[in-house]
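Just need the whole structure built from these sequences, with the hints factored in.
Under the numbering used here, residues 3 to 660 are what the sequence shown spells out, in order.
A few of these clues could be false.
Unchecked claim - Each computed DSSO-like pair below joins lysine-lysine, with the alpha-carbon atoms no more than 30 angstroms apart:
| no. | residue 1 | residue 2 |
| --- | --- | --- |
| 1 | Lys271 | Lys213 |
| 2 | Lys252 | Lys101 |
| 3 | Lys571 | Lys552 |
| 4 | Lys277 | Lys228 |
| 5 | Lys231 | Lys25 |
| 6 | Lys213 | Lys91 |
| 7 | Lys91 | Lys255 |
| 8 | Lys649 | Lys571 |
| 9 | Lys8 | Lys228 |
| 10 | Lys567 | Lys649 |
| 11 | Lys255 | Lys213 |
| 12 | Lys649 | Lys621 |
In short, the hints are calculated from the structure, not lab data.
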Amino acid sequence: MSNSSKRLEIRLKEREDEYTCYKQFNVLVGTFNVNNRQVPPNILLEEWLYQVTDNNNKSNQICIPDIIAVGFQEIDISGGGYRYDDKKKEDEWEQIVRKTIKSCYEKNNEENVKFELLNRVRLMEVVRKWKISDHDIIFWCGDMNYRISQPNEQVRQAINELSTVPLHEKDQLRCEMKLNNIFTNYYEPPINFLPTYKFDINTDNYDTSEKLRTPSWTDRILYRSKRSKVLNDNQNELETIKTIHYSCAKNIKFSDHRPVSGLYLVVIKYECDEKRSNRIREELIRESDRIENDSIPTIEVHPRPPQIIFNHIRYLDKPNYSLTINNIGECTCICTIIPSSISTSFQCLTFTPNPPYTINIKQEQHVNISFEAKTNIKQISDILILHVENGADTFITLDITLDKGPFGLSLEEYSCTLYDNENKKYIFTNDNRSNSEHIIEMINDPPIIYIALIDCLRERNDIDLLYIFNNEIQDLLDLIPILVSLNLDWNKISGQGARYIGELLQENTILETLSLNVNQIGEQGGQYLAQALEHNNTLTTLSLDSNRIKDQGAKYFAEALQKNKKLQKLNLQANRITDEGVQYLTDALQNNSTLMYLYLHYNEISKEGAKYLSQLLEKNGTLVELNLCGNSIGDQGAKYLAQALAKNEVKLNFYKSP
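Encoded structure:
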């Protein structure tokens, strides 16, 4: 049976009062431990099995049992009885029961009542293989062998005084049931009879043998009903089980137990209204289908259909597309955006907020999809999948054309530098050919990549980091929102290239770090960069290692340091600066309060230059690191610096050349 069919049957069971007819039946249940006794001659068990009046009915109306169920214990406890399956004694007791029933009810002119004794019914033989607990109503009877947890003398005294109610609180069975340790959800009516065990045979005396057993209620009848009340015809409420009698037959004395019986008015399923049952089944099936449909997440996407189209995307462009996902279903939905199996551009997309998205009923989710070029291809046509968990997917088309110019190429792929004389601007194209007479090749100008880079930085303040190194550009530039560092080491940048970069520095308000190590900037390039520093208020680090700016270049930077109030770190390593250039720098730094790190290692500085620097250290309170490694200051130069250090703390790094 499928899960849906099982759920349907459970729902149908819950509504059984609507299609089930109930009828009240009188049920007589008895239990008797016969203590392996022979059937006494000419005995009838009327006192045990003939309880036909309702004590709660003032008219003493006769209640004829519809069902009589009896249970015997210890009919034959001999070893042979079990070994040979001898049912002789069982048959004898069966005949006694039959005679008793016949005698009782013929005596009251109930000839039309038919009785049938059902013996040895085994639940394991039932076709549906139900467990005992699967039944709606259960009667459990027998010698439970539970005792009274009270001293023997006190129990016997209470019996003699006919004050047995306090003994109920010490009854082991009731105590265990109250703790839910056994017979959970079973019930027993109040006990209004004396303990049923243990008697001396054929007397009313409790055990007088050497063992002197404590009297106890060992013989009990319990019952359980899945429902305390039912609706008959879906209108009248009926109590499922009502106790009419619960007593013992105190005059049947041939056993050491007294037999116990109970008469109950029990409401039992009588018949099923098939038409009504089928109607309810169809109703439940329709309801189940509706619930199942409502449990399927359903979304609506705007714009509809979703189409992402980005045309002519240039380098550093970050176009975006707004998407709205509405939950129009009857349940919370969880969705995410995933690439199709053939997707090659998914890594170029950024989703804000990041998926997955949990959208409640009647709510919506706004998603911003931005594109950032990380590929050199010119055309992208792709499909994205808006996947809904347990629901239908939506497809998003993606069409992008890129116009990246020279960016993203290795240096071997660069086109020549072209200039449009008519429109007075450089042309950013990868096509080396041009048929226009106004387009000329600029042989002495910097590579087109530098010009394009400067133009981009002029136009934008929303990039973060561009890193170009070792004579090539990264194949895939990873650009993020705000540029703070630019590295152009080892790129053969000449004075003209430094001019363009200087123009950038005068206008750019974002860049903080600029590295131009190992290029060909020279004195002229140093002048362009120094002039830019006079106007720049954001650059904190400038590195010009190995650029041959010499003393004249040092002079330009000295003049700039007199005006610049932002630069903190200046690297002029290996630039052929002599004592003259050092004098320019120390004079300028006398009044500078921002430069903290000055690197002059591997230049041509002697003891005179060290003297200029020592004079600076005596007065400058800002400089914290000075690197003179690889110069020729000698012992005297070291002495100058040592004397200055007595007045100013500087992390000094210098070596005497061999």
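Now for the hints, and whether the structure bears them out:
{"no.": "1", "hint": "Lys271 - Lys213", "in the structure": "49 angstroms, violated"}
{"no.": "2", "hint": "Lys252 - Lys101", "in the structure": "20 angstroms, holds"}
{"no.": "3", "hint": "Lys571 - Lys552", "in the structure": "19 angstroms, holds"}
{"no.": "4", "hint": "Lys277 - Lys228", "in the structure": "25 angstroms, holds"}
{"no.": "5", "hint": "Lys231 - Lys25", "in the structure": "13 angstroms, holds"}
{"no.": "6", "hint": "Lys213 - Lys91", "in the structure": "28 angstroms, holds"}
{"no.": "7", "hint": "Lys91 - Lys255", "in the structure": "19 angstroms, holds"}
{"no.": "8", "hint": "Lys649 - Lys571", "in the structure": "22 angstroms, holds"}
{"no.": "9", "hint": "Lys8 - Lys228", "in the structure": "19 angstroms, holds"}
{"no.": "10", "hint": "Lys567 - Lys649", "in the structure": "24 angstroms, holds"}
{"no.": "11", "hint": "Lys255 - Lys213", "in the structure": "20 angstroms, holds"}
{"no.": "12", "hint": "Lys649 - Lys621", "in the structure": "9 angstroms, holds"}
The structure shown violates just one earlier hint, number 1.
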